[in-house]
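**Student:** Since the structure of chain Y is provided, determine the placement of chain V on it from the hints.
Each chain is listed here by its residues.
There are 2 protein chains.
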Amino acid sequence: MADLATESPRTAVDPANWTCPAPLRDQPVVVMGHGGGGALSAELVQQVFAPAYGNPTLAALTDSAVLHLGGARLAFSTDSYVVRPLFFPGGSVGDLAVNGTVNDLAMSGARPAYLSTAFILEEGVELAVVERVARAVGAAAEAAGVTVATGDTKVVESGHGDGVYVTTAGVGLVPDGVDIRPQRARPGDVVLVSGPIGLHGVAVMSVREGLEFGVEIASDTAPLADLVAAMLAVTPDLHVLRDPTRGGLGASLNEIARASGTGVRLVERAIPVPDEVANACGFLGLDPLYVANEGRLVAFVPPEHAEAVLAAMRAHQQGAGAARVGECVADHPGMVVVATGLGGTRVLDLPLGEQLPRIC
Amino acid sequence: MADLATESPRTAVDPANWTCPAPLRDQPVVVMGHGGGGALSAELVQQVFAPAYGNPTLAALTDSAVLHLGGARLAFSTDSYVVRPLFFPGGSVGDLAVNGTVNDLAMSGARPAYLSTAFILEEGVELAVVERVARAVGAAAEAAGVTVATGDTKVVESGHGDGVYVTTAGVGLVPDGVDIRPQRARPGDVVLVSGPIGLHGVAVMSVREGLEFGVEIASDTAPLADLVAAMLAVTPDLHVLRDPTRGGLGASLNEIARASGTGVRLVERAIPVPDEVANACGFLGLDPLYVANEGRLVAFVPPEHAEAVLAAMRAHQQGAGAARVGECVADHPGMVVVATGLGGTRVLDLPLGEQLPRIC
Numbered sequence: 001m002a003d004l005a006t007e008s009p010r011t012a013v014d015p016a017n018w019t020c021p022a023p024l025r026d027q028p029v030v031v032m033g034h035g036g037g038g039a040l041s042a043e044l045v046q047q048v049f050a051p052a053y054g055n056p057t058l059a060a061l062t063d064s065a066v067l068h069l070g071g072a073r074l075a076f077s078t079d080s081y082v083v084r085p086l087f088f089p090g091g092s093v094g095d096l097a098v099n100g101t102v103n104d105l106a107m108s109g110a111r112p113a114y115l116s117t118a119f120i121l122e123e124g125v126e127l128a129v130v131e132r133v134a135r136a137v138g139a140a141a142e143a144a145g146v147t148v149a150t151g152d153t154k155v156v157e158s159g160h161g162d163g164v165y166v167t168t169a170g171v172g173l174v175p176d177g178v179d180i181r182p183q184r185a186r187p188g189d190v191v192l193v194s195g196p197i198g199l200h201g202v203a204v205m206s207v208r209e210g211l212e213f214g215v216e217i218a219s220d221t222a223p224l225a226d227l228v229a230a231m232l233a234v235t236p237d238l239h240v241l242r243d244p245t246r247g248g249l250g251a252s253l254n255e256i257a258r259a260s261g262t263g264v265r266l267v268e269r270a271i272p273v274p275d276e277v278a279n280a281c282g283f284l285g286l287d288p289l290y291v292a293n294e295g296r297l298v299a300f301v302p303p304e305h306a307e308a309v310l311a312a313m314r315a316h317q318q319g320a321g322a323a324r325v326g327e328c329v330a331d332h333p334g335m336v337v338v339a340t341g342l343g344g345t346r347v348l349d350l351p352l353g354e355q356l357p358r359i360c
Numbered sequence: 001m002a003d004l005a006t007e008s009p010r011t012a013v014d015p016a017n018w019t020c021p022a023p024l025r026d027q028p029v030v031v032m033g034h035g036g037g038g039a040l041s042a043e044l045v046q047q048v049f050a051p052a053y054g055n056p057t058l059a060a061l062t063d064s065a066v067l068h069l070g071g072a073r074l075a076f077s078t079d080s081y082v083v084r085p086l087f088f089p090g091g092s093v094g095d096l097a098v099n100g101t102v103n104d105l106a107m108s109g110a111r112p113a114y115l116s117t118a119f120i121l122e123e124g125v126e127l128a129v130v131e132r133v134a135r136a137v138g139a140a141a142e143a144a145g146v147t148v149a150t151g152d153t154k155v156v157e158s159g160h161g162d163g164v165y166v167t168t169a170g171v172g173l174v175p176d177g178v179d180i181r182p183q184r185a186r187p188g189d190v191v192l193v194s195g196p197i198g199l200h201g202v203a204v205m206s207v208r209e210g211l212e213f214g215v216e217i218a219s220d221t222a223p224l225a226d227l228v229a230a231m232l233a234v235t236p237d238l239h240v241l242r243d244p245t246r247g248g249l250g251a252s253l254n255e256i257a258r259a260s261g262t263g264v265r266l267v268e269r270a271i272p273v274p275d276e277v278a279n280a281c282g283f284l285g286l287d288p289l290y291v292a293n294e295g296r297l298v299a300f301v302p303p304e305h306a307e308a309v310l311a312a313m314r315a316h317q318q319g320a321g322a323a324r325v326g327e328c329v330a331d332h333p334g335m336v337v338v339a340t341g342l343g344g345t346r347v348l349d350l351p352l353g354e355q356l357p358r359i360c
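Residue numbers (UniProt numbering), protein chains in the order written: chain Y, 1 to 360; chain V, 1 to 360.
Hint data in this document are derived by calculation from the structure and do not stem from the laboratory.
Source: prediction; values computed, not measured.
Hints may be right or wrong, so weigh each one.
Said to hold, decoys possible - Sample of chain V residues facing chain Y (criterion: CB under 8 Å; computed from the structure): (1) Val30; (2) Gly35; (3) Phe49; (4) Leu74; (5) Phe76; (6) Thr78; (7) Tyr114; (8) Ala118; (9) Leu121; (10) Glu126; (11) Leu127; (12) Arg135; (13) Gly138; (14) Thr150; (15) Val155; (16) Val171.
Claimed, not checked - What follows is a set of in silico ranges between Cβ atoms, one per label pair, in the way DEER data are often shown: (17) Ala128(Y) - Gly54(V): 17 to 23 Å; (18) Arg324(Y) - Asp237(V): 55 to 61 Å; (19) Gly177(Y) - Glu209(V): 56 to 62 Å; (20) Asp237(V) - Asp176(Y): 31 to 37 Å; (21) Pro89(V) - Ala233(Y): 55 to 61 Å; (22) Asp179(V) - Val178(Y): 30 to 36 Å.
Think of the CB as a built atom: it goes at the ideal place given N, C-alpha and C, for glycine as much as any other residue.
Okay, chain Y solo, but in the shape it has when bound (with noise of 0.2 Å):
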């Protein structure tokens, strides 16, 4: 095996390769497509890191895991940002670095508490940028109300980082009677979606290509704790919840769909897709299913509680464009299909990597 030391890693890149998101599988080189939450990413997961790791919370590994620890269940995550460009319509990568990790875990129906934030900053980037990261980190912790308990700070040299990485792990207490994950989702559930979906991906997307839309599309970076304490207060019952980040909404269904053996039906016209959002991608040739979101959440509900639940998530800030989009059916388990607005359906595949690269 190769010393990185004392082999680049980029001559073993294909150059006719290098630029795609979703390359062949049998690459025995890492691809971008590795990074982008579908199943190049799931192969990752199961194929290098569960057997590495050898231990019974591997299916939690693209989750929060709920921990047991001093007479409590605690809820803890990590998650490393390597969004670029750094500073984008509606937010950064340090409102995304504490927002998603305080999602990772409300997902969990935990309250987040405390976060943790590791910087890998490149050699000549100006103090400057890094001081903007850092306050736009202590303004989004303020706001979800967590407290940054600890951290860390490492140097790489110019040309072996990309100004600003941060890494933030978060825990926070689960509150009792709350059992909120994938495997829970069962026929009959509805599924719910927080608000009008895509706006992340694209608002970076557009400014780093430089593209123009006619209106400004801005991130939808927020933090949901608030919101899952707001619909769990109609029922500790809820059965899942999911952020759908890298990969959209497309990526966290079918997730929840193949760890709970459920098949999933979708409405097409039910799904809030703001019109900018449809416009930007049909110009670029993405599917907005697929378009990551950064504050908004997908909830599999019991079928007696999802009027209220919705009512709920309606009163609420972060929810006010909740929609129910579909249910939970006994046919085609573990698969997704979305009812088309011309009378046929289609199904609605775990996507292979990425459309959009270093998005978060």
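**Tutor:** The following block gives chain V in isolation, referenced to the frame of chain Y:
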């Protein structure tokens, strides 16, 4: 403020400056020394992160934080690992990522329980390299008695990483009656180190630079939680524990002296510096007191317990080479001095940056 999307940070680097680990402090850009664990790192925390985060846990930003959550006292810590090369005699980035965070938790007296791992992979790195790092993480976690509970993977384009960066966070429980922190050092405390110093830094440097010193020098990377438990079994009243990683023993002792306002007096000939480390440091122009360790701790112990704690350390595999190296004094508060072999004394100051960048 320049947006990193449109202006590469590399253009901000002064070419006359880019290899210097400890350059001018009035440069408004990040330099390698900001990641070195010395005075520049401390300034970054105090001048950038502390004001931005604005919370009372700021002093803990370079340590594990002790939090109250769900009725338990929880230690929480994070570190990014950007060591170059990824594999070196005695260990790898995977071992460091586990042992480093386990040790940060142990330095609060905590029993480490769960870890998270977040990988930032560079496009084009061989999957076999990722797998080798993941296996090292799994093996080190098993050896340290901790569970990897959650994780994340991101991929960045070739030329924006260095193969594999790993960020770990960890949580553990602090036993009742244990209160270990730098502020508790006081005159009279005996200073103990758990074994020979300087091995990790010299091991990494020798393989990075292709140097041969006649004997292979292996990193000391090891988990220290069991050793700490053995010490706490003697008395829960340990005052301070610290693993002298970046910046070495010199940086750790200065931080403790400043945090507590006590003076520290070391006896040079009592400090266990292996011959091969002394020889390599002489050749490279390094001071072994500032070279990183990854499997050593320094303890400040009340004098009445010092002999018993030292005996317990020597009876443990990770403390077999433990030694009494000095004491806390009322003189020169906040300063560290070394009694040299020639009968004089010298001040051991906080290093500015790091002698060896990318050491962990």
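**Student:** Next step is simple, just say for each hint if it's right about the structure.
**Tutor:** Hints and how they fare:
1. Val30: Holds, about 5 Å.
2. Gly35: At about 3 Å, which falls below the 8 Å cut-off, the nearest Cβ of chain Y leaves the hint on Gly35(V) intact, so it holds.
3. Phe49: holds, 5 Å
4. Leu74: holds, 7 Å
5. Phe76: At 6 Å from the nearest chain Y Cβ, Phe76(V) passes the 8 Å test, so the hint holds.
6. Thr78: Constraint on Thr78(V) satisfied, holds at 4 Å.
7. Tyr114: holds, 6 Å
8. Ala118: holds, 4 Å
9. Leu121: For Leu121(V), the interface hint holds, since the closest Cβ of chain Y sits about 5 Å away, which is under 8 Å.
10. Glu126: holds, 5 Å
11. Leu127: Since the shortest Cβ distance to chain Y is 5 Å, the answer is holds.
12. Arg135: holds, 4 Å
13. Gly138: Check passed: Cβ of Gly138(V) comes within 4 Å of chain Y, closer than 8 Å.
14. Thr150: holds, 4 Å
15. Val155: Hint holds; Val155(V) Cβ to chain Y Cβ min 3 Å, cut 8 Å.
16. Val171: Result: holds, 6 Å to nearest chain Y Cβ.
17. Ala128(Y) - Gly54(V): 17 to 23 Å: Holds - the Cβ-Cβ distance for Ala128(Y) and Gly54(V), about 18 Å, lies within 17 to 23 Å.
18. Arg324(Y) - Asp237(V): 55 to 61 Å: holds, 60 Å
19. Gly177(Y) - Glu209(V): 56 to 62 Å: The hint (56 to 62 Å, Cβ to Cβ) holds, given that Gly177(Y) and Glu209(V) are roughly 59 Å apart.
20. Asp237(V) - Asp176(Y): 31 to 37 Å: Check passed, 36 Å falls within 31 to 37 Å.
21. Pro89(V) - Ala233(Y): 55 to 61 Å: Check passed, 57 Å falls within 55 to 61 Å.
22. Asp179(V) - Val178(Y): 30 to 36 Å: holds, 33 Å
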